[in-house]
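**Q** This is what each chain is made of:
4 protein chains.
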Amino acid sequence: MTAPLNLVTISGSLRRGSFNTALLDNIPDLAPSGLIFRRLEIRHLPVYDGDLEVDDMPPDAVRELQRQIRASDGIVIATPEYNHGMPGGLKNAIDWLSRGPAPHGLQGVPSAMLGASDGTIGTTRSQSHLRQTLAALNSPAMPQPQVLVARAQDKIDVDGKVTDESTRKFIRGWLVEVERWMRRFPRSERE
Amino acid sequence: MTAPLNLVTISGSLRRGSFNTALLDNIPDLAPSGLIFRRLEIRHLPVYDGDLEVDDMPPDAVRELQRQIRASDGIVIATPEYNHGMPGGLKNAIDWLSRGPAPHGLQGVPSAMLGASDGTIGTTRSQSHLRQTLAALNSPAMPQPQVLVARAQDKIDVDGKVTDESTRKFIRGWLVEVERWMRRFPRSERE
Amino acid sequence: MTAPLNLVTISGSLRRGSFNTALLDNIPDLAPSGLIFRRLEIRHLPVYDGDLEVDDMPPDAVRELQRQIRASDGIVIATPEYNHGMPGGLKNAIDWLSRGPAPHGLQGVPSAMLGASDGTIGTTRSQSHLRQTLAALNSPAMPQPQVLVARAQDKIDVDGKVTDESTRKFIRGWLVEVERWMRRFPRSERE
Amino acid sequence: MTAPLNLVTISGSLRRGSFNTALLDNIPDLAPSGLIFRRLEIRHLPVYDGDLEVDDMPPDAVRELQRQIRASDGIVIATPEYNHGMPGGLKNAIDWLSRGPAPHGLQGVPSAMLGASDGTIGTTRSQSHLRQTLAALNSPAMPQPQVLVARAQDKIDVDGKVTDESTRKFIRGWLVEVERWMRRFPRSERE
Numbered sequence: 001m002t003a004p005l006n007l008v009t010i011s012g013s014l015r016r017g018s019f020n021t022a023l024l025d026n027i028p029d030l031a032p033s034g035l036i037f038r039r040l041e042i043r044h045l046p047v048y049d050g051d052l053e054v055d056d057m058p059p060d061a062v063r064e065l066q067r068q069i070r071a072s073d074g075i076v077i078a079t080p081e082y083n084h085g086m087p088g089g090l091k092n093a094i095d096w097l098s099r100g101p102a103p104h105g106l107q108g109v110p111s112a113m114l115g116a117s118d119g120t121i122g123t124t125r126s127q128s129h130l131r132q133t134l135a136a137l138n139s140p141a142m143p144q145p146q147v148l149v150a151r152a153q154d155k156i157d158v159d160g161k162v163t164d165e166s167t168r169k170f171i172r173g174w175l176v177e178v179e180r181w182m183r184r185f186p187r188s189e190r191e
Numbered sequence: 192m193t194a195p196l197n198l199v200t201i202s203g204s205l206r207r208g209s210f211n212t213a214l215l216d217n218i219p220d221l222a223p224s225g226l227i228f229r230r231l232e233i234r235h236l237p238v239y240d241g242d243l244e245v246d247d248m249p250p251d252a253v254r255e256l257q258r259q260i261r262a263s264d265g266i267v268i269a270t271p272e273y274n275h276g277m278p279g280g281l282k283n284a285i286d287w288l289s290r291g292p293a294p295h296g297l298q299g300v301p302s303a304m305l306g307a308s309d310g311t312i313g314t315t316r317s318q319s320h321l322r323q324t325l326a327a328l329n330s331p332a333m334p335q336p337q338v339l340v341a342r343a344q345d346k347i348d349v350d351g352k353v354t355d356e357s358t359r360k361f362i363r364g365w366l367v368e369v370e371r372w373m374r375r376f377p378r379s380e381r382e
Numbered sequence: 383m384t385a386p387l388n389l390v391t392i393s394g395s396l397r398r399g400s401f402n403t404a405l406l407d408n409i410p411d412l413a414p415s416g417l418i419f420r421r422l423e424i425r426h427l428p429v430y431d432g433d434l435e436v437d438d439m440p441p442d443a444v445r446e447l448q449r450q451i452r453a454s455d456g457i458v459i460a461t462p463e464y465n466h467g468m469p470g471g472l473k474n475a476i477d478w479l480s481r482g483p484a485p486h487g488l489q490g491v492p493s494a495m496l497g498a499s500d501g502t503i504g505t506t507r508s509q510s511h512l513r514q515t516l517a518a519l520n521s522p523a524m525p526q527p528q529v530l531v532a533r534a535q536d537k538i539d540v541d542g543k544v545t546d547e548s549t550r551k552f553i554r555g556w557l558v559e560v561e562r563w564m565r566r567f568p569r570s571e572r573e
Numbered sequence: 574m575t576a577p578l579n580l581v582t583i584s585g586s587l588r589r590g591s592f593n594t595a596l597l598d599n600i601p602d603l604a605p606s607g608l609i610f611r612r613l614e615i616r617h618l619p620v621y622d623g624d625l626e627v628d629d630m631p632p633d634a635v636r637e638l639q640r641q642i643r644a645s646d647g648i649v650i651a652t653p654e655y656n657h658g659m660p661g662g663l664k665n666a667i668d669w670l671s672r673g674p675a676p677h678g679l680q681g682v683p684s685a686m687l688g689a690s691d692g693t694i695g696t697t698r699s700q701s702h703l704r705q706t707l708a709a710l711n712s713p714a715m716p717q718p719q720v721l722v723a724r725a726q727d728k729i730d731v732d733g734k735v736t737d738e739s740t741r742k743f744i745r746g747w748l749v750e751v752e753r754w755m756r757r758f759p760r761s762e763r764e
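Residue numbers (the numbering used here), protein chains in the order written: chain E, 1 to 191; chain A, 192 to 382; chain R, 383 to 573; chain Z, 574 to 764.
Incorrect hints may appear among the rest.
In the SDA-like style, the derived pairs of lysine to any residue whose C-alpha atoms are separated by at most 20 angstroms in a straight line are [said to hold, decoys possible]:
1) K352(A) x L215(A)
2) K169(E) x R151(E)
3) K537(R) x G119(E)
4) K728(Z) x G310(A)
5) K742(Z) x G607(Z)
6) K537(R) x T506(R)
7) K155(E) x T502(R)
8) K346(A) x G692(Z)
9) K728(Z) x I312(A)
10) K352(A) x D309(A)
11) K537(R) x T120(E)
12) K728(Z) x T311(A)
13) K155(E) x I503(R)
14) K346(A) x T693(Z)
15) K346(A) x I694(Z)
For the record, the hints were derived by calculation from the structure and aren't laboratory data.
Work out the full structure: start from the sequences and follow the hints.
**A** See the structure below:
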């Protein structure tokens, strides 16, 4: 029997009623049975400032986040697109995760991403920047399929439920691939 | 006689002793006589959260920053490179600047960028992401020359002075081009 | 009286019936009266190979193209998106244009871009790569507005005419900005 | 006993004496014993033009290249950097590989890249664009370590041999990771 996968998730949007946080909330319902999700918060992290580090060590809140990610089997990031890139707050969290003694928070941890927007582009530019940063940190990011939920207001209701059937189906298929991807990088083989 | 240009500057690094902040501190000495610089701070901005906006209006600190940028003739941004992109804190400031009633903080405001790193790559990937975001905001960013100060520790002394003569010369020539660039986009023609 | 602007255009797609070539064919009709367009061909250029250069000089076909671009007041490039980037053939033409004695084909020549696709993304990733390459070559590319014609098959008829009224209107407004942009960089001020 | 891996390689540079082709020529000597390399040529491919396809089928030369890649266990691409991106010729080859009936040439085929330049940046921007295109095609590209051979003329001799000992050592370690990466994506599990 295959052991379940413990995945952590991060939303790049902080506001209540975020479409991206909603996507993460819908995932457990749409996922194959072997996947367990746990959402991590980044809203309490300060803006990165090297002077907040003591002996090159990031603050406790960062170290706790790093510990939780490294204890997981993989990470799923939901990201909006702000100004043709990922949100500064999400990049800031990743910048913190890269600090302190190696291995850093994301090193060797497999990743997958998805995104929703109210326009028609659906976060492709944001995901492109996120993907470049994950490569920099040696986190293998699943290349395809890409979840770009455009016009999210038509597909997610006011309670945050993904109601659009073709979107639900697409995310279901994507989660099957997420499981396959994460299992290619077993935690036991991480240095 | 040509009126002087009033330029504002932002450093993407918050730490004391930052090479990038040092670059900005050196610029007035190296610039042609017609350029006046004023440094703006971004360290007091919270991480962007849509719920911090009231009636789609950003907090006062953001609006004041927007006002100062719009009252200027152009903006110069010094950026380090974190994880193959611009610092989350810098992107966060720009995300804030894009909020509220149009025209936003950077719309139509000409820009130029420079960067320093202690490695050999010298922030080229960070500048590429910054450039993409400035295009999104309709801020015309000077394409060339690009200031990529690699191995900054060999070129900037402990007091933050750029001591390397060829770097000083390069920045001098770059500032001549910055003035030319900014003058192509007079404030009076901004909508 | 203002002198007319002579602009050259390049299509990144070679096939007959290309939506992008069609966009260029529609532009003269939609443009302000002061703009004159001349289309340049890139289909006869070989794939770049340094061994085709003699004494660092590109072949005659390239030099002729460089000459025509430098004799213009600016360049407009229509680009499809292939595999999240610009077409290899378009990049190849630009690579050739960057060769030979300075100033190269595009150096200091202002540029603007537009793109059409049959999907919903509308070439934003292709334009992002094109923009990065134009910055490398010191060609100032107009940052906004961005023409991303999605689902072009619904907006351009079989004769290549842009029939969608809102697309026509958008391109009209874009061309007004193109003229403004190109006039900021008069040929007489080019080194 | 582990079966050997059959890897194909492509050089993004066509000129004789290319540093990037030289890197590929050096790889067999530096690789672990289980890796077998076979170089594929792209120089005979025409510039992509949809009208060269018959019934959506690419020319025979493309189909043969697709067949060879799909018959391999993975692909290694050496790329120079031209104008802040990958060479047009390399992108053109990849554009061709993406054509015809699915699965396309690169779909599901694991990849790794390396690059050499005579400047100090060492192809990081070219690799970034290549990485984005490989993600578009669902080719999992190894995120780290990244081989950026800067000032290649000091590290590769006139006969194309990598003589710099630290570069040799770095590539040796990189090839160990390449093998690990490729084995995570066995051909038998490809759809």
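**Q** Which constraints among the numbered hints does this structure fail? Numbers only, ascending.
**A** none
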